[in-house]
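Residue-level listing of the chains:
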Amino acid sequence: MNTTIKSILIVIVAAVAGYFLTIFITPRYILLKIKFNSGSKMNVPVYSDMMTEKDRHVVMPNPDFLYVASGYNLLNGPIRISGKMPDSSYSSVSLYADNTLNYFIRNDRQTPDKKYSFILTRNEEDKTKYPNEEVVVSPSEFGTILTRILIDKPENIERLKEVQQSFKVEELE
Amino acid sequence: MLRIFGLKKSTPILLIIIGLLVGSGIAYFRIHHWTGKDATIVNGPWRGNNLAEVGKNPLLTARIAVATLYALNPSEVIYLVATTDSKGEELNAENDYVIKGIPLDARYWSITMYGEDYFLVPNRAGKFSYNLDNVKYESDSSFVINISSLKNEHNWLPSGDKGKFYLTIRMYHSQEHVYKDIQAVQLPTIERVKK
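Chains A and B supply the protein sequences, listed in that same order. The working numbering numbers the first residue of the first sequence as 12 and each following residue consecutively. The working numbering numbers the first residue of the second sequence as 115 and each following residue consecutively.
Pulled out of the complex, with its shape left as it was, chain A reads as follows (with noise of 0.2 Å):
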């Protein structure tokens, strides 16, 4: 073989390999990043203030929501996850994976009785070890919980952060 074509053909190999290791890897290095900015501690959640242009962790926050972000990590076990939401604002729980993938959510028509609890889990066989509780798995050992309270009316931010501080991780094991 011409040796100007092996070389093109390995410049070409490396070069998809590199396009693909790059796309793999952004997501995980955008929360490898963030986690380490923020300085938070895995399943110790972050109760965040009306979000303004000094909040620069994470990109395109919502000004009109009150968060609570969580990075979690399984290594050592399941974690309980519960709080409470409120009566008539938008909220919902929802769980990222390492790669950044949504993979649940819950909302607050979806909670009824305005309170959630659930555990998370890499091992499908903790349904049956927690048959009085919702199992959720994890699709990996890190990710992120997420929890959003839309604040509808400014005279209720402070009924909304108390709704906010209920937001707690347990590590179980």
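Keep in mind that the hints were calculated from the coordinates and are not lab data. Just so you know, nobody snuck in bad clues.
Below, simulated DSS-like cross-link-like pairs (lysine-lysine); rule was C-alpha separation at most 25 Å, straight line: (1) B:265 - B:250; (2) B:214 - A:164; (3) A:44 - B:170.
Computed from a prediction, not measured in an experiment: that's the story for all the values here.
Given the coordinates of chain A, assemble chain B onto it according to the supplied hints.
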């Protein structure tokens, strides 16, 4: 071991490095320079992608991580982004714009301005968005939002002084017809006006 296809010892490594750099560079450019040209949802200046593909489509997943990290599933929220006005000209804070529209058919909707870095645009008024509850409506129930660096009494969205910016529509729990045919929904227009 280092000899590939009989090339000189050091050549393959150099070629591999060049290839990796070229491939990574192309990927970086495609991830960070989303112009909306390959959007699957197009309605006037508004562009969007089917976020149900996140996780299945690696390029979209990387783009979302960069520009819309922690986006929700489309069953929950529809996100649309405008990088241009209704005539296709790039949005720039050196110009003034008016957004004209009618209420969107969703439980909650908002229009938010972001800088080129995808973060909220710094401004002294501390105003970053309008939503269904805080926008002031016209007598015919439509709304007009004024984008300008100079203060405006009516639905003022401060744009900062210079640089590109983006507008994002969020529609939470949209009505069925919105999901069925987003292209047919009457979304706000964005018109450039004289300062």
